[in-house]
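Now for the letters of each chain:
There are 2 protein chains.
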Amino acid sequence: MHDWLAYIQDHNQQYLDELVAFLRIPSVSSLSDHEADIRTAAHWVAERMRSAGIDGVEILPTGGHPVVVGEWLHAEDRPTILIYGHFDTQPADPAEEWVRPPFEPVIEDGRIFARGASDDKGNMLIPILAVEALLSTEGTLPVNVRFMFEGQEEIGSPQIPEFIDRYKDHLACDLVLSADGLQWREDQPALFVGFKGICAMQVDVSGPATDLHSGIFGGAVQNPLHALSHLLDTMHDAAGRITVDGFYDSVVPITDNERRLINQVPFDEQAYKDQLGLSEVFGEAGYTTYERAWARPTLEINGIWGGFQGEGVKAVIPSAAHAKITCRLVADQSPEEIISAVTRHVDAHSPEGASARVIPLSSHAHPYLMPADHPGNKAAHEVLKDEYGVEPYYVRLGGSLPICSLFLDKLGVHTVMFGFCLEDECIHAPNEYFRLASFERGLRCYGKMLKRLAEY
Amino acid sequence: MHDWLAYIQDHNQQYLDELVAFLRIPSVSSLSDHEADIRTAAHWVAERMRSAGIDGVEILPTGGHPVVVGEWLHAEDRPTILIYGHFDTQPADPAEEWVRPPFEPVIEDGRIFARGASDDKGNMLIPILAVEALLSTEGTLPVNVRFMFEGQEEIGSPQIPEFIDRYKDHLACDLVLSADGLQWREDQPALFVGFKGICAMQVDVSGPATDLHSGIFGGAVQNPLHALSHLLDTMHDAAGRITVDGFYDSVVPITDNERRLINQVPFDEQAYKDQLGLSEVFGEAGYTTYERAWARPTLEINGIWGGFQGEGVKAVIPSAAHAKITCRLVADQSPEEIISAVTRHVDAHSPEGASARVIPLSSHAHPYLMPADHPGNKAAHEVLKDEYGVEPYYVRLGGSLPICSLFLDKLGVHTVMFGFCLEDECIHAPNEYFRLASFERGLRCYGKMLKRLAEY
Chain A
1 MHDWLAYIQD HNQQYLDELV AFLRIPSVSS LSDHEADIRT AAHWVAERMR
51 SAGIDGVEIL PTGGHPVVVG EWLHAEDRPT ILIYGHFDTQ PADPAEEWVR
101 PPFEPVIEDG RIFARGASDD KGNMLIPILA VEALLSTEGT LPVNVRFMFE
151 GQEEIGSPQI PEFIDRYKDH LACDLVLSAD GLQWREDQPA LFVGFKGICA
201 MQVDVSGPAT DLHSGIFGGA VQNPLHALSH LLDTMHDAAG RITVDGFYDS
251 VVPITDNERR LINQVPFDEQ AYKDQLGLSE VFGEAGYTTY ERAWARPTLE
301 INGIWGGFQG EGVKAVIPSA AHAKITCRLV ADQSPEEIIS AVTRHVDAHS
351 PEGASARVIP LSSHAHPYLM PADHPGNKAA HEVLKDEYGV EPYYVRLGGS
401 LPICSLFLDK LGVHTVMFGF CLEDECIHAP NEYFRLASFE RGLRCYGKML
451 KRLAEY
Chain B
1 MHDWLAYIQD HNQQYLDELV AFLRIPSVSS LSDHEADIRT AAHWVAERMR
51 SAGIDGVEIL PTGGHPVVVG EWLHAEDRPT ILIYGHFDTQ PADPAEEWVR
101 PPFEPVIEDG RIFARGASDD KGNMLIPILA VEALLSTEGT LPVNVRFMFE
151 GQEEIGSPQI PEFIDRYKDH LACDLVLSAD GLQWREDQPA LFVGFKGICA
201 MQVDVSGPAT DLHSGIFGGA VQNPLHALSH LLDTMHDAAG RITVDGFYDS
251 VVPITDNERR LINQVPFDEQ AYKDQLGLSE VFGEAGYTTY ERAWARPTLE
301 INGIWGGFQG EGVKAVIPSA AHAKITCRLV ADQSPEEIIS AVTRHVDAHS
351 PEGASARVIP LSSHAHPYLM PADHPGNKAA HEVLKDEYGV EPYYVRLGGS
401 LPICSLFLDK LGVHTVMFGF CLEDECIHAP NEYFRLASFE RGLRCYGKML
451 KRLAEY
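Residue numbers (the numbering used here), protein chains in the order written: chain A, 1 to 456; chain B, 1 to 456.
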């Protein structure tokens with residue numbers, strides 16, 4: 001056995017005790033009551049990095065919750081890897097649904113239960129400890145390493161774009177490894193190579209100055225609910241393809257290889273329908289369900305309202321009608337471009353007798369797509385295959401992960417999602433937990449990955 | 001001057017005092033607290049009918065609020081006229097908006113202010129007093145007269161259809177005069193020859209078993225809000241014509257004469273738009289605004305809801321979406337036929353991947369159309385022209401007045417709306433009033449109308 005792997009085994013109990021101590025800090029970023037806890041967590045992280053042998057550890061201000069940085073840059077002529085994670089957590093409510101108190105970690109059945117165990121404290125502690133094991137046993141690292149651990153991921157990282165701009169020099173690297181990532185199943189690794197962007201809008205249709213009696217005025221004036229239904233219906237064709245002019249203009253087509261990789265992920269349509277309570281799947285012709293969900297942009301109405309919603313009957317033509325829309329974007333669509341396209345569509349399709357406007361809402365993220373054959377993915381592929389004994393899937397997420405496109409945009413580098421959380425670990429929900437087996441596997445994988453990246 | 005007109009003049013103060021006493025009874029039919037007041041009002045009406053010389057006055061049970069009937073049937077070989085009205089009122093809320101207490105009538109500036117003054121106590125008292133004047137001065141009436149005054153009009157007359165069936169013999173007649181009617185303006189009489197019917201439905205669209213994350217499932221499953229928008233949008237074309245198959249099948253086309261009569265009513269489009277705060281009128285091609293509102297059937301969405309309606313963004317595909325619809329019907333459409341047509345339409349147009357159903361709601365009334373040249377209208381035309389000095393307009397209402405189609409259906413007779421309320425008299429609103437001039441005019445018109453109907 002390599003010395004560094006033996007070191008990890010020998011320190012197993014210490015590492016778990018440290019994870020318990022880290023999880024005891026209720027570093028909830030969304031609640032102002034916990035601001036001091038966020039600072040405590042930042043200090044805990046900085047101290048642990050220092051004791052691991054990491055240089056230049058600093059807690060940097062952002063205007064909001066701080067960022068902890070550090071580096072080890074003594075591997076001459078070797079690539080520099082930036083390791084990212086976050087030490088803030090989601091709130092623990094609803095408190096009554098936790099079987100064990102959320103900030104009093106308990107280890108049971110090979111799992112550690114606590115808020116933040118999986119997302120992301122358990123995962124972000126791994127690379128620090130892996131670096132310690134390598135430095136302690138080999139006296140050096142196979143690559144240069146930088147660290148960036150933030151305290152505001154769970155509130156959307158509002159100050160991080162500016163932070164990255166300001167501390168570019170502290171963050172310069174050849175590749176990012178994000179410790180805020182997941183695997184497919186306990187026995188199946190995955191590389192997450194794409195995240196959708198997002199933009200959000202409200203459509204407001206206005207008609208008469210006040211609500212009108214639909215018996216007296218019906219048929220003689222435009223009904224804003226009719227106008228809204230029409231506007232919304234013109235945004236998709238019957239097969240679910242988006243009919244907003246220009247919507248697909250910037251979409252990078254899926255390559256044959258990307259399709260092959262997506263469809264290597266087994267899909268059980270009946271199980272999917274059963275899980276969702278649906279009689280059929282539905283979507284853009286010519287694409288599989290995973291292609292639709294992962295690799296094609298969407299325009300979804302999230303809410304619609306206007307007029308009478310109570311019991312019984314109220315004969316009213318309302319003066320206004322509203323809808324909320326989010327679009328999920330794929331490379332190279334931009335939120336600005338899509339908001340413009342939808343606005344033009346609404347202007348062009350507004351029915352006679354009513355006026356409609358589009359108001360952009362605050363959700364806003366660029367899509368992210370990493371080439372499947374990127375050297376970072378190749379390295380991770382080898383490490384994961386070695387660890388799991390099976391080839392990783394190449395998957396994408398319909399959700400947004402703005403940090404990846406931020407790093408690409410501002411630092412010019414791609415991000416390998418290299419985390420060991422699993423989907424069933426109650427992330428953002430009561431009774432969050434992290435598998436101890438994943439914790440140990442993560443330590444092994446990070447050590448192997450840093451070694452593998454020496455050849456990057 | 002005729003003796004009966006002199007009688008009315010002589011009794012002016014007494015009649016007003018009696019109207020005040022009648023209006024003091026808070027006979028609100030929708031509030032169970034006022035059940036005794038409804039009975040008090042019924043007794044007051046019955047007593048006043050008896051003292052007017054009307055025979056066979058009875059308070060008849062309905063299972064709900066009672067009906068007061070009476071008759072005078074000594075005009076051999078003359079037609080029998082049924083006079084209809086109601087002694088119940090709307091509630092008085094919001095109480096704080098009444099300048100004077102709603103059930104303490106005050107006479108000011110030629111107006112009597114109280115809940116029910118115009119709708120319908122002031123109006124329904126008129127025919128009783130006019131009959132008294134004729135009987136007192138002439139000892140006889142020019143026609144046979146029956147009376148039916150109900151106590152549940154403001155709650156939709158739920159027991160009246162069964163009541164009419166049961167008491168057909170008490171109500172048999174050649175023509176109905178409804179004292180629950182209005183005129184166009186203080187200087188402009190009108191005959192109301194059509195009321196629309198109504199039917200109401202809720203459309204429920206259901207999709208996935210629970211709300212889904214629109215980032216994860218968007219594009220891969222049918223969104224019930226998309227399905228609902230599509231269903232609703234398929235119900236009209238761009239010009240506002242209803243595209244539900246079979247919707248217009250039973251519509252009796254407007255005759256040239258009916259169009260001529262409708263368009264004799266002056267219409268100031270700019271004033272209409274200004275009043276409603278609209279930049280343009282809108283509706284079915286080939287029809288004027290009054291034709292659309294009065295004589296063409298409509299399908300109006302009254303409310304729509306589903307998904308997220310709060311501030312900001314919530315990335316959700318809701319499991320369900322809903323809309324409320326009312327259709328206003330014209331002769332000879334039936335509510336049942338239209339509910340079937342809309343149900344068939346929804347079945348035929350339900351998008352893939354979602355299911356939709358139509359649930360009929362309780363509003364339900366048949367349309368009513370009276371020939372403009374009906375002898376009852378001819379008689380009313382002459383009387384109103386004589387009184388106002390100008391020809392009456394022939395108008396229709398987009399609203400429903402189920403009593404007219406009930407009388408036509410169950411008694412086989414048409415109803416001349418012969419009331420003297422005016423649109424500005426705050427009916428159903430705070431500070432309702434009735435013009436004393438209309439009260440006096442009504443007394444004269446009822447006397448003249450009964451005389452004119454001797455030739456019916």
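Bear in mind the hints are in silico, worked out from the structure with no lab data behind them. Some hints here could point you the wrong way.
Which copy is meant is left open, because identical chains are indistinguishable; a pair holds if it fits in one copy or across any two.
DSSO-like cross-link-like pairs, simulated, lysine-lysine; straight-line CA separation at most 30 Å [said to hold, decoys possible]:
id, residue 1, residue 2
1, Lys314, Lys410
2, Lys451, Lys314
3, Lys168, Lys314
4, Lys168, Lys273
5, Lys451, Lys410
6, Lys273, Lys451
7, Lys410, Lys273
8, Lys273, Lys314
9, Lys378, Lys273
10, Lys314, Lys378
Being a predicted model, the structure only gives us computed values, none of them experimental.
Hint check results:
{"no.": "1", "hint": "Lys314 to Lys410", "verdict": "between (55 Å within a copy, 28 Å between copies)"}
{"no.": "2", "hint": "Lys451 to Lys314", "verdict": "neither (70 Å within a copy, 42 Å between copies)"}
{"no.": "3", "hint": "Lys168 to Lys314", "verdict": "neither (60 Å within a copy, 33 Å between copies)"}
{"no.": "4", "hint": "Lys168 to Lys273", "verdict": "neither (46 Å within a copy, 59 Å between copies)"}
{"no.": "5", "hint": "Lys451 to Lys410", "verdict": "within (26 Å within a copy, 94 Å between copies)"}
{"no.": "6", "hint": "Lys273 to Lys451", "verdict": "neither (43 Å within a copy, 76 Å between copies)"}
{"no.": "7", "hint": "Lys410 to Lys273", "verdict": "neither (41 Å within a copy, 54 Å between copies)"}
{"no.": "8", "hint": "Lys273 to Lys314", "verdict": "between (37 Å within a copy, 23 Å between copies)"}
{"no.": "9", "hint": "Lys378 to Lys273", "verdict": "neither (34 Å within a copy, 67 Å between copies)"}
{"no.": "10", "hint": "Lys314 to Lys378", "verdict": "neither (63 Å within a copy, 36 Å between copies)"}
Violated hints for the displayed structure, listed by number in ascending order: 2, 3, 4, 6, 7, 9, 10.
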